[in-house]
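Student: The numbering of the sequence shown is the numbering used here, which starts it at 104 and goes up by one.
Since the hints were made in silico from the structure, they are not lab data.
There may be inaccurate statements among the hints.
[Stated by the list, open to error] Calculated lysine to aspartate or glutamate pairs in the DMTMM-like style (CA-CA distance at most 20 Å, straight line):
id	residue 1	residue 2
1	K239	E320
2	K290	E305
3	K205	D276
Note that the coordinates shown come from a computational prediction; the quantities given were computed from them, not determined experimentally.
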Amino acid sequence: MCSLSKELIDFLYSSPTAFHAVENIKNILRTEGFEELKECQRWQVNSGGKYFVDKNGSALVVFTIGEESVNFDGFKIVGAHTDSPGFRIKPNPEMISNNYIKLNTEVYGGPIINTWFDRPLAIAGRVCTKSDNPLKPNYHIVNINEPIAYIPNLAIHMNREINKGVELNKQVDTLPILGLITEEFEKDNYLLKIVSKQLSIEVDDILDFDLYLYEFEKGTTFGVEKEFISSSRIDDLSMAFVGVKAMINSLNSGFKGTNVLALFDNEEIGSTTKQGADSPMLSNVLERIIYSMGGNRENFFMNLANSFMISADGAHGIHPNRSEKNDPTNIPYINKGPVIKISANQRYTSDAESIAIFKNICNKANVPYQTFVNRSDMMGGSTIGPISSSHLPIKSVDIGAAMLAMHSIREVMGVKDIEYFENVITEFYKI
């Protein structure tokens, strides 16, 4: 296994939720000398400075300021997202059924639900507890990294049509079991007692939580030449990972302007949150950078005119058994480089100008590239690119890593593609 693939797999496994991903990235940045800025405080940033701003504990904007004045050279932005489809645990989650202890869950985003069946699941997220200030509860990240939950399939003997396809009821079929009822079992706060023990806090101090299921088994490389990566949350933490690597690689490279990495939350549910791409989060940060450097709103708009954004997410690689699902002339392959995503209806931001710019960057980095367009008779997805463009009118291109099984609990991408993405984003940040 190459070192970069191993790093990615380790990062994905240690980041079971957006909260963990952001905390892990912040720890990496602190090691590299980045300074944390608070939204509620006055900023003072300088040329050559390295900074990050946390939003909600699940989104992050990272930026480094080049050697020349920020008031003239624009922003070089890479955007990705921290969330992935899955299952969120509801309040009062304990359910008793035929001697089983179950959890009441809610689907988050658009997972391939049947891939979550018949495998050990763990629980992670954040917990808020009492504090002296009612407006500022204490905040804890928790990871119960044990195989404590399981969603069982119905045996084929009880559903002979299962291999013809089964419609799953999200309130009935997807509830995980935690265990069997014993004489000592107490339903009240059963899950919270597990959480409080993990955090070494009192159950009564817990006010609320954002807890999610995740796959207990770690990702791996596979294939005859170990050319594939299989893991949860490749979409889109793989792009967050390479964005951080590239930003660190570009330090001390003599770049101009301001390099920005925007990691949004809630892309999988539409981005309409305070920490999502459909908010002023990124725009506010960019404007504050200009003001803290002594600029004004006119300087801010001048910078936007000189800016460029790469929206980096997953792309649909050609499927080995279902090639007819792809466009006949634009066929992305795994390990053949970044995929430029194009849509006549602007489901992606790419246009001829932004594509030309990205191709120039790829050529400069000696990185191959390819294109993806949906079949004309199929509705495709979208990502943060068009949403961000509605708040920041700058040139933008949507790209992605060719993947299989997108939104499965185990997604697949290429080992070489991780290296390609690190190289091309590093080159972008060095310009």
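Student: None of the hints should be skipped; say for each whether it holds.
Tutor: Hints, one by one, checked against the model:
A threshold of 20 Å between alpha carbons decides the hint, and for K239 with E320 the separation of about 35 Å lies outside it, so the pair is violated. This hinted pair checks out: K290 and E305 have alpha carbons roughly 17 Å apart, not beyond 20 Å. At most 20 Å may separate the alpha-carbon atoms for a hinted pair to count; K205 and D276 meet this at roughly 11 Å.
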